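Peer 1: One line per chain: the protein sequences are A and B, in this order. The working numbering numbers the first residue of the first sequence as 1 and each following residue consecutively. The working numbering numbers the first residue of the second sequence as 1 and each following residue consecutively.
Don't read these hints as lab results, they were simulated from the structure. Worth double-checking, as some hints may not be accurate.
[As the list claims (entries may be wrong)] Once the Cα atoms are required to be at most 27 Å apart in a straight line, the calculated DSSO-like pairs of lysine-lysine come out as:
#1 B:29 with A:108
#2 B:125 with A:278
#3 B:29 with A:282
Everything numeric in this text was worked out from a predicted model, so none of it was measured.
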Amino acid sequence: MMIISKGERFYNTFNIVFLSLFSLLMLYPFWYVLIISLNDSSFGGYSKVLILPVAFTLDNYKVVFANDSLVSGYIITIIRTAAGVFLSVLFNAGLAYGLSKKRLMGRKLFLNLVIITLFFSGGLIPWYIIIKSLGLLNHFWVLIIPYLLSPWTILIMKTFFNGLSPSVEESARMDGANDLLIFFKIVIPLSAPIIATMGLYSAVFHWNDWWAGEMLISNSKLLPVQTILMRIISQQHAIDLISQTQGKIRVSALESINMAAIIITTVPILMIYPSLQKYFLKGIMLGSIKE
Amino acid sequence: MFTTLSTRYAKNSINKNRLAFLARFNQQKYLLLLVIPGIIWFLIFNYLPMAGIVMAFQNYEPGKGLLNSSFAGLKYFRQFFNDYHFKIILSNTLGISFLKLLFGFPAPIILALLLNELSGIRLKKLFQTVSYLPYFVSWVIVIGIVKRILSPDGGLVNTILISMGANDPINFMLKSEYMWPLAVLTEIWKSIGWNSIIYLAAITTINTELYESSKMDGAGKWSQLWHVTIPGIKPTMAILFIFAVGAIFTANFDQLYLMGTEPVLDKTEVVDTYVYRIGLKNIQFSLGAAVGLLKSVISLAMVIITNYFVKLMGEEGLW
Chain A
1 MMIISKGERF
11 YNTFNIVFLS
21 LFSLLMLYPF
31 WYVLIISLND
41 SSFGGYSKVL
51 ILPVAFTLDN
61 YKVVFANDSL
71 VSGYIITIIR
81 TAAGVFLSVL
91 FNAGLAYGLS
101 KKRLMGRKLF
111 LNLVIITLFF
121 SGGLIPWYII
131 IKSLGLLNHF
141 WVLIIPYLLS
151 PWTILIMKTF
161 FNGLSPSVEE
171 SARMDGANDL
181 LIFFKIVIPL
191 SAPIIATMGL
201 YSAVFHWNDW
211 WAGEMLISNS
221 KLLPVQTILM
231 RIISQQHAID
241 LISQTQGKIR
251 VSALESINMA
261 AIIITTVPIL
271 MIYPSLQKYF
281 LKGIMLGSIK
291 E
Chain B
1 MFTTLSTRYA
11 KNSINKNRLA
21 FLARFNQQKY
31 LLLLVIPGII
41 WFLIFNYLPM
51 AGIVMAFQNY
61 EPGKGLLNSS
71 FAGLKYFRQF
81 FNDYHFKIIL
91 SNTLGISFLK
101 LLFGFPAPII
111 LALLLNELSG
121 IRLKKLFQTV
131 SYLPYFVSWV
141 IVIGIVKRIL
151 SPDGGLVNTI
161 LISMGANDPI
171 NFMLKSEYMW
181 PLAVLTEIWK
191 SIGWNSIIYL
201 AAITTINTEL
211 YESSKMDGAG
221 KWSQLWHVTI
231 PGIKPTMAIL
241 FIFAVGAIFT
251 ANFDQLYLMG
261 TEPVLDKTEV
271 VDTYVYRIGL
281 KNIQFSLGAA
291 VGLLKSVISL
301 AMVIITNYFV
311 KLMGEEGLW
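Work out the full structure, taking the sequences as your base and the hints as a guide.
Peer 2: Given below as structure tokens:
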């Protein structure tokens, strides 16, 4: 029987109360956005919209879905995320697997090449110039290729691969399998948690990245949805700014529409991530066990 | 005769080495196939830009390229130091990063410790899931949400303030003095849950026997926390701390660029946003490259120094 002291019980209650308030803090902003998005914007003051929408409507969403640029942005984001994640995992895992084999020619050199980039970089301007010289600007692939590999991911995966028991690989090799086969048919399936985790990192990056579109693309049809959203929101802010300096506070009727756009951009991720939890929690555990 | 023999021997061993090399290469060809594309990528997107650092010392013109642009020496570095932006940028970058380090570094640790104390697994999982919800959302969205919450037009905060007796709504997002706290708070809100994961993972690796023996020595909750848990996660803290220090000059571009509207730039402009604005958008490539180089070198130096001190304190550093 566990004897829980009074102090401990008090502490436990306090802990739960505190964490509940904390959770509310995490959740409420999203709820707030949701209820505003479901609120009739022509209704006027937002000050009453705190727990529930005051004038319920789905019109804001209708406006968002009718907006061509948001729809095209969404498609670009989805394709970019899918392709980006797939290719990133492929290249990162491949490099990590090779580096995990002591017999690899040039291994030390390659490893150092990767590690150095964690600590030093040439900076934004030279990077941009390279991308420009490669003719990648204003192409769909500029959203993916410059972001293909990550030293972090490679090192974590390499640690993981090193931790795999060599006997499975050895028996496969004795059956005549070559490195490629072993990598794809044996190592990858065994590495599901780490791949899921790294894949998730990559997916979150691609889904949420607005900067690449803003900086590297001028063709509006190729912009990902976050970039478009960003422009919409800052345009809105610019309008607010002007009316503020004129001494009036405008009723921002467009805000509800912004909120609807936000909800639409966020909901997919919010629905997916809880089910991926067990993967990335395990993956982070595995990845953080250092050599 | 002798020379022919020795050259024959020499050629023989060179050929043998070549054969051995080719044999190894052939044996590893698939492994190399997995590796070479990635290495080429690093060369193109990391090492070529590093070579491009020279443009910080040139009057770089895109038309002329690296080879033909005229030499400028330290001109752009001097220009940066004398620019009136310099003090502002330095102050913001260091100030914001320092505050984020001060409050944002311990926050996930504390959260992990609290979550760890929960006895119910379901409750723990629930709180955990909720805690990293903000991580999955982009800064565009976070700033959009924050703008609405702080809006003078019926935003949540102003509504509460007015109901408590304030006369006018405060336009938070347009006032410089709120920028630093806002940056720190939103950063913590967004990343505390996700960052706590790695500490929770580290806590699970602590040998439970240590808790048992400390209990037998009469240790209460606090003592256990202080003498078992925290030392257990010290290595993790050390590594993450080194990286955090290395990132001081990086101060979250996404967040600060989006918050950086005209009226508040004096408190939100940091090195990265400056390089982006002036270096890229204003096409002052050499200046941007110079500032970028400064930042990279200083960050590297800070990582090395911090690593040294961490090891001095008895923890394992990065190398």
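Peer 1: Taking the hints in turn, state whether each one holds.
Peer 2: Here is how each hint holds up against the structure:
no., hint, verdict
1, B:29 with A:108, "17 Å, holds"
2, B:125 with A:278, "10 Å, holds"
3, B:29 with A:282, "33 Å, violated"
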